[in-house]
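Chain by chain, the residues run as shown.
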Amino acid sequence: MVFREIGKRIQLAREEKGLTQEELAVKLGCTQSALSNYELGKRRLYLNLLNEIAQVLGKPLDYFMESPAEGEEDRASGLLIDPQLKEILISAADLPPKERQLVLDFINWRKSQK
Amino acid sequence: MIGFTLTEAQMTAQKKAREFAEKHMKPYARELDRMPSPHFDWKIVDRFASAGYSSFFIPKEYGGGGVDYLTVAIVCEEMAAVCAGICGVLGATMLAANCLKAGGTDEQKKKYLSLLAEKKGKLGALAITEPAAGSDLGGVNTIAHKDNDSYVISGIKTFISNAGIADLYIVLATTDPVKKYAGLDFFIVPADTPGLSAGKIEDKMGMRASQTGDVILNNVRVPAENLVGKPGTGFLVAMQALDLSRPMMSVDALGIARAAYETALEYTRKRVQFGKPLFKNQAVAFALADMATTIDAARLLTWRACCLLDSGMEFTKEASMAKLFSSEAAVEICSKAMHLMGAAGYTRDFPVEKYFRDAKAMTILEGTSEIQRRIIAQEL
Numbered sequence: 001m002v003f004r005e006i007g008k009r010i011q012l013a014r015e016e017k018g019l020t021q022e023e024l025a026v027k028l029g030c031t032q033s034a035l036s037n038y039e040l041g042k043r044r045l046y047l048n049l050l051n052e053i054a055q056v057l058g059k060p061l062d063y064f065m066e067s068p069a070e071g072e073e074d075r076a077s078g079l080l081i082d083p084q085l086k087e088i089l090i091s092a093a094d095l096p097p098k099e100r101q102l103v104l105d106f107i108n109w110r111k112s113q114k
Numbered sequence: 001m002i003g004f005t006l007t008e009a010q011m012t013a014q015k016k017a018r019e020f021a022e023k024h025m026k027p028y029a030r031e032l033d034r035m036p037s038p039h040f041d042w043k044i045v046d047r048f049a050s051a052g053y054s055s056f057f058i059p060k061e062y063g064g065g066g067v068d069y070l071t072v073a074i075v076c077e078e079m080a081a082v083c084a085g086i087c088g089v090l091g092a093t094m095l096a097a098n099c100l101k102a103g104g105t106d107e108q109k110k111k112y113l114s115l116l117a118e119k120k121g122k123l124g125a126l127a128i129t130e131p132a133a134g135s136d137l138g139g140v141n142t143i144a145h146k147d148n149d150s151y152v153i154s155g156i157k158t159f160i161s162n163a164g165i166a167d168l169y170i171v172l173a174t175t176d177p178v179k180k181y182a183g184l185d186f187f188i189v190p191a192d193t194p195g196l197s198a199g200k201i202e203d204k205m206g207m208r209a210s211q212t213g214d215v216i217l218n219n220v221r222v223p224a225e226n227l228v229g230k231p232g233t234g235f236l237v238a239m240q241a242l243d244l245s246r247p248m249m250s251v252d253a254l255g256i257a258r259a260a261y262e263t264a265l266e267y268t269r270k271r272v273q274f275g276k277p278l279f280k281n282q283a284v285a286f287a288l289a290d291m292a293t294t295i296d297a298a299r300l301l302t303w304r305a306c307c308l309l310d311s312g313m314e315f316t317k318e319a320s321m322a323k324l325f326s327s328e329a330a331v332e333i334c335s336k337a338m339h340l341m342g343a344a345g346y347t348r349d350f351p352v353e354k355y356f357r358d359a360k361a362m363t364i365l366e367g368t369s370e371i372q373r374r375i376i377a378q379e380l
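As you go down the protein sequences, you meet chains A and B in turn. Sequential numbering from 1 applies to the first sequence in our numbering. Sequential numbering from 1 applies to the second sequence in our numbering.
Derived by calculation from the structure, the hints in this document are not laboratory data. As the structure is a computational prediction, the values presented were derived from the model and not from experiment. Honestly, I wouldn't trust all of these hints.
Said to hold, decoys possible - DEER-style ranges, computed between Cβ atoms:
(1) A:62 with B:349: 54 to 64 Å
(2) A:29 with B:31: 45 to 55 Å
(3) B:39 with A:60: 33 to 43 Å
(4) B:224 with A:84: 19 to 29 Å
(5) A:76 with B:150: 27 to 37 Å
(6) B:282 with A:22: 57 to 67 Å
(7) B:61 with A:29: 18 to 28 Å
(8) A:101 with B:379: 47 to 57 Å
(9) B:22 with A:46: 37 to 47 Å
(10) A:98 with B:134: 40 to 50 Å
For glycine and all other residues, C-beta sits at the position ideal for the given N, C-alpha and C.
Go ahead and model the full structure; you've got the sequences and the hints to work with.
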C-alpha cells in the first residue's frame with residue numbers, strides 16, 4: 001500500500017536527519033504514537049502534513065511519493081501506457097535487428113545532444 | 001466533544017431541508033425514477049440553486065453558505081430520505097469541491113470554488129475511475145503531457161457522476177506512468193474545453209435521477225496552472241477528497257434506510273390481518289425495533305465522523321466505519337421493510353422498491369464495503 005511506502009520514506013528521511021520519532025513529533029506538533037503510525041502506514045496522512053514533514057526534513061515532496069526502485073520490466077510496462085512510445089516500439093519491432101540498432105543509435109545521439 | 005443536541009442553527013437547517021425535500025423533491029422523485037432511459041432534469045439544479053443548496057457546503061469566503069460538515073449531513077439526510085438520486089447530483093458536486101478544498105492552491109480555490117458557488121447553480125464532477133482503475137489508482141491510464149505552459153490530457157473516465165452535465169470537471173491523470181502513484185495529478189477542466197465530451201450514459205438500477213457516465217478526454221489542453229496544487233500530489237488529494245466525502249455517502253444511506261423504515265412502520269400499523277394490525281404481532285414489531293435501533297446507530301456513527309471532521313481531528317477510520325455500517329444497514333433495512341410489507345412492498349405502488357435499488361449503490365460508490373474494511377483494518 002502507498003501509505004506504507006510513504007511511511008518508510010518518512011522514517012528513512014528522519015533517520016538521515018538524525019531525529020528520533022519523539023523529536024520529529026514535537027516539531028510537527030503531533031504525538032510520538034501518531035508519528036509512529038504514519039511511519040508504519042497505519043494512519044492516512046494528508047497533503048498538508050506531508051508538506052510540513054517534507055519541510056522539516058528538508059526533502060522535496062516527490063521524495064516521499066516515489067515508489068521504491070522498480071525493475072526494468074515494470075518500467076517498460078509503465079511506459080507502454082503512452083501511445084506514442086507504444087507506436088515507436090511496435091514500429092521498431094517490424095525492423096530487422098540491424099536497423100533497430102540504427103534507431104537506438106539515433107536515440108542515443110539525440111540524447112547526447114541535449 | 002460528546003453531545004447529542006443540535007444547535008439552533010442546525011435544527012433550523014434540518015427543518016428547512018425537510019420542507020424543501022417535501023415540496024421540491026418528493027413531487028418529482030417517482031417520475032424521475034421511472035424514466036425509461038437515462039434522463040437528467042435540469043430543474044433539479046434550479047431548485048437547489050434557488051434554495052441556496054447548490055453552494056451551502058462551499059466556504060463563505062468563496063461565496064458559499066459555509067456550513068459545517070454536520071449541518072451538511074443533517075440537510076442531506078432529509079434530502080436522501082426523499083430521493084437519494086436527486087441528492088446525488090449535489091453529492092457529486094460536493095466531491096469535486098472537496099478535491100479542490102483538499103489540494104487546490106489559494107488561487108484555484110478562489111477561482112473555481114467561487115464558480116461552483118455561483119447563484120444560478122453549477123455542477124461539478126470528480127473524474128477518477130477508469131476502465132482499468134477503480135479502487136486501485138495505480139492503474140490510471142489517462143495521460144497528461146506537459147507542453148510548454150499547458151498540459152494535454154487524453155483518456156477515458158467511466159462511472160462519473162454528473163458526466164455530461166457538470167460545468168467543471170476535476171480529472172485525475174498521470175503525468176508519468178513510470179512513477180505510478182507519484183505521477184498522479186488532478187487537473188481542473190472546465191466543461192467547455194475543446195476535446196472534452198460525455199460518452200455513454202449508464203442505465204442504472206437505482207439513483208436514476210442522477211446522471212452517471214463516461215467522460216472522454218481527447219487532447220484536452222488546459223493551462224499548466226490548472227494542475228491542482230503541486231505536481232505529484234494527485235494520489236494524496238484523491239484519498240483525502242474521498243475520505244471527506246465518506247460521511248456524506250453514509251448520510252445518504254441513512255436517509256434511504258430511514259425512509260424505508262418509516263414506510264414499513266406506517267404500513268404495518270394500518271394493515272389488518274387476523275383481526276389486528278400487523279404491528280401488533282411481536283415478530284413484526286421487533287423487526288421494526290431492530291431497524292429503528294440500527295438507523296440510530298448509523299446516525300451516531302455518521303455524526304461522530306462529521307464532528308471529528310469539523311473539529312479538525314483524525315477522521316479517516318471513523319468515516320469509513322460510518323459509510324460501511326450505514327450502507328450495509330440501508331440494504332438490509334430496505335430488504336426487511338419490503339418483506340414486512342409483503343406483496344405490497346414488492347410493487348411499485350410503494351416507494352420501498354425504489355429505496356432498495358438506491359440503497360445498493362451506497363455499498364458500491366466511492367469505495368465498496370470491502371475497501372472500507374481495508375481502510376479500517378489498516379488502522380487497527
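Taking the hints in turn, this is what the structure says about them:
At roughly 59 Å, the beta carbons of residue 62 of chain A and residue 349 of chain B sit within the given window of 54 to 64 Å. Here the CB-CB span from residue 29 of chain A to residue 31 of chain B is close to 53 Å, well matched to the stated 45 to 55 Å. In this structure the supplied range 33 to 43 Å is violated for residue 39 of chain B paired with residue 60 of chain A, their Cβ-Cβ distance being about 49 Å. The given range of 19 to 29 Å is respected by residue 224 of chain B and residue 84 of chain A, whose C-beta atoms sit roughly 20 Å from each other.
Checked against the hint of 27 to 37 Å, the C-beta distance between residue 76 of chain A and residue 150 of chain B comes to roughly 28 Å, which is consistent with it. Under the hint 57 to 67 Å, the C-beta atoms of residue 282 of chain B and residue 22 of chain A, about 58 Å apart, fit the expected range. A hinted range of 18 to 28 Å holds for the C-beta pair residue 61 of chain B and residue 29 of chain A, which are about 25 Å apart. At roughly 54 Å, the beta-carbon separation of residue 101 of chain A and residue 379 of chain B lies within the given 47 to 57 Å, and the hint holds.
With their beta carbons about 38 Å apart, residue 22 of chain B and residue 46 of chain A fall inside the hinted range of 37 to 47 Å. Separated by about 45 Å at the C-beta atoms, residue 98 of chain A and residue 134 of chain B satisfy the suggested range of 40 to 50 Å.
The earlier numbered hint that this structure contradicts is number 3, and it is the only one.
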